[in-house]
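Here is what each chain is made of, one letter per residue.
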Amino acid sequence: MDGKRILMIDDDPDYVSAIKMVLEKANYTVEVAHNPRDGFDALEHSAFDLVILDVMMGRGAEGIIAARKLRKKKELDKMPVLMMTGIREQTGFFFVGDPRHETYLPVDGFLEKPVAPDVLLREVSRLLEKSATDESMKKE
Amino acid sequence: MSNRHTVLIIDDEEVVRDSCTHILKKGNYRIETAEDGEKGLKMVEDLKPDIVFVDLKMPGISGMEVLERLSKIDATIVSVVITGYATIDSAVEAIKRGAYDFLPKPFSADELRLIAQRAIEKRMLLLDAIALRQEKEMIRENLTSIISHELKSPLLAVQQNLFALSQGVMGEPNPAQKEALQRIENRVDALLKMINTWVDLTSLDFRQLRERFRPLDMPALISKVVDMLRVQAVSRDIEVVTHCPFPVAPVEGDEGTLLEVFMNIIGNAIKYSENGSRVSVKIEERDQELHILVSDRGIGIEKEDIPFIFDDFYRGRAQSRSSQVGSGLGLTISRRIMKAHDGSIAVESEPGKGSTFTVVLPKRTDKKGTDREPRVSKQSVM
Numbered sequence: 001m002d003g004k005r006i007l008m009i010d011d012d013p014d015y016v017s018a019i020k021m022v023l024e025k026a027n028y029t030v031e032v033a034h035n036p037r038d039g040f041d042a043l044e045h046s047a048f049d050l051v052i053l054d055v056m057m058g059r060g061a062e063g064i065i066a067a068r069k070l071r072k073k074k075e076l077d078k079m080p081v082l083m084m085t086g087i088r089e090q091t092g093f094f095f096v097g098d099p100r101h102e103t104y105l106p107v108d109g110f111l112e113k114p115v116a117p118d119v120l121l122r123e124v125s126r127l128l129e130k131s132a133t134d135e136s137m138k139k140e
Numbered sequence: 001m002s003n004r005h006t007v008l009i010i011d012d013e014e015v016v017r018d019s020c021t022h023i024l025k026k027g028n029y030r031i032e033t034a035e036d037g038e039k040g041l042k043m044v045e046d047l048k049p050d051i052v053f054v055d056l057k058m059p060g061i062s063g064m065e066v067l068e069r070l071s072k073i074d075a076t077i078v079s080v081v082i083t084g085y086a087t088i089d090s091a092v093e094a095i096k097r098g099a100y101d102f103l104p105k106p107f108s109a110d111e112l113r114l115i116a117q118r119a120i121e122k123r124m125l126l127l128d129a130i131a132l133r134q135e136k137e138m139i140r141e142n143l144t145s146i147i148s149h150e151l152k153s154p155l156l157a158v159q160q161n162l163f164a165l166s167q168g169v170m171g172e173p174n175p176a177q178k179e180a181l182q183r184i185e186n187r188v189d190a191l192l193k194m195i196n197t198w199v200d201l202t203s204l205d206f207r208q209l210r211e212r213f214r215p216l217d218m219p220a221l222i223s224k225v226v227d228m229l230r231v232q233a234v235s236r237d238i239e240v241v242t243h244c245p246f247p248v249a250p251v252e253g254d255e256g257t258l259l260e261v262f263m264n265i266i267g268n269a270i271k272y273s274e275n276g277s278r279v280s281v282k283i284e285e286r287d288q289e290l291h292i293l294v295s296d297r298g299i300g301i302e303k304e305d306i307p308f309i310f311d312d313f314y315r316g317r318a319q320s321r322s323s324q325v326g327s328g329l330g331l332t333i334s335r336r337i338m339k340a341h342d343g344s345i346a347v348e349s350e351p352g353k354g355s356t357f358t359v360v361l362p363k364r365t366d367k368k369g370t371d372r373e374p375r376v377s378k379q380s381v382m
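Which chain is which? The protein sequence lines are H and U, in order.
Heads up: the first sequence begins at 1 in my numbering, then just goes up one per residue.
Heads up: the second sequence begins at 1 in my numbering, then just goes up one per residue.
In short, the hints are calculated from the structure, not lab data.
One or more of the hints may lead you astray.
[As the list claims (entries may be wrong)] Cβ-Cβ distance ranges computed for the label pairs, FRET-style: (1) H/I65 with U/S71: 37 to 45 angstroms; (2) U/L181 with H/E24: 18 to 26 angstroms; (3) U/T144 with H/R68: 52 to 60 angstroms; (4) U/R4 with H/D38: 51 to 59 angstroms; (5) U/T144 with H/S17: 23 to 31 angstroms; (6) U/P247 with H/K74: 27 to 35 angstroms; (7) H/D38 with U/S71: 50 to 58 angstroms; (8) H/S17 with U/G352: 45 to 53 angstroms.
Note that the Cβ used here is the ideal one computed from N, Cα and C, for glycine as well.
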């Protein structure tokens, strides 16, 4: 997985640098955008293998809107998206089980902040491998 | 002038309208009149009166219909019906339909003033109650979102950086540094957990909870919980044994929150158990109830702590001495959830020997609806 390019969209620079260090130590190249607009800019101008997306940026759950927008873009709809957030499930209480709704959150992976470095690396490589397999299946 | 209350009088008799106006004029009221229901209702839209006097017997639309349409326009407007003694039955009927009071004809000036005064007070109370409810809701929502984001974000940044440090991303820390980092991580983790639990606690809406009730098989729910806690138990060589006479009667409840209750109680039992010991979960039917007993052979709870363990943020002294850190909110939430299920939680404990938590849930009764009834119709009734 050496040299894979990851774009992290998250508005907290202190949080980002902790994640960036872990990913870079594992030989990933990480670029950062501090809001969804800059994120989409970066995606337009260069190629990435994975997007790590925060939920609460600025005034609300902008990450969710960004994830939906990403899925609507033809050239980006296969991009693996790992959502990483400190907020609990929107619907109210539930913390037991998988906090992801397929229809609500169109993402490939979901991690609750803070994330243990080994859990993060495992999830990132799982998503990258899955995306590579999907890609090669498409070619065949 | 703005604190003057507006009174609308709808009566076909001119003498009634005039005498009411005359009597109430001395009070701090703005008085408007209408001679029939249609006209009166039209005036309500612009006037936004505090109280409306409505004659029950009028040509055109009836007083009853006026009442009904009035409550559709604004349910907080307080209505009083004016009626002759002969129609006292209809006054009672009007009150059943939402009128606040009635004024029997003929009436004295004092009677009218008193009824108007009481109606105004009622209106003010209604408005205050609504304002308070809105305010409470706003505070709850704001506080929850402020806490969940503003307070958590810095802690998350701290914790994520600590993880990077302790994992040696910036160079391997020496053993003493590693130990210090671990201590900091533990405390930050406890703080984050406390915030999460607090957010969950404040966002629990019990009225919503009841709408999600459905028949539940407790043994299945318990085994789900035990399954989820397996890793935790196995890592400390603790055996979780479930005893259940099969099958037991279903209960009526919300699966998500009941899972949380048992995650909490069985999780606690594991957490406070000695390594290599056993936690037992017994499900028993007793009359109209299901009793679920969770016992551990752990550190137990001091006698003087027992009355407080279900209170917010309370943590027993045994706990504060041990290495286990909790939020101090798990049992509070559990108790509230049980209350919403018409159930209860109780505890018996002996320090050093262990504790038994007993959760009681009422069995599902037939009158709550049987399986033959489609769930949709049940919801629409509610």
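Going down the list of hints, with the structure as the test:
no.	hint	verdict
1	H/I65 with U/S71: 37 to 45 angstroms	holds, 40 angstroms
2	U/L181 with H/E24: 18 to 26 angstroms	holds, 20 angstroms
3	U/T144 with H/R68: 52 to 60 angstroms	violated, 24 angstroms
4	U/R4 with H/D38: 51 to 59 angstroms	holds, 56 angstroms
5	U/T144 with H/S17: 23 to 31 angstroms	holds, 28 angstroms
6	U/P247 with H/K74: 27 to 35 angstroms	violated, 53 angstroms
7	H/D38 with U/S71: 50 to 58 angstroms	holds, 53 angstroms
8	H/S17 with U/G352: 45 to 53 angstroms	holds, 47 angstroms
This entry does not satisfy hints 3, 6, going by the numbered hints stated previously.
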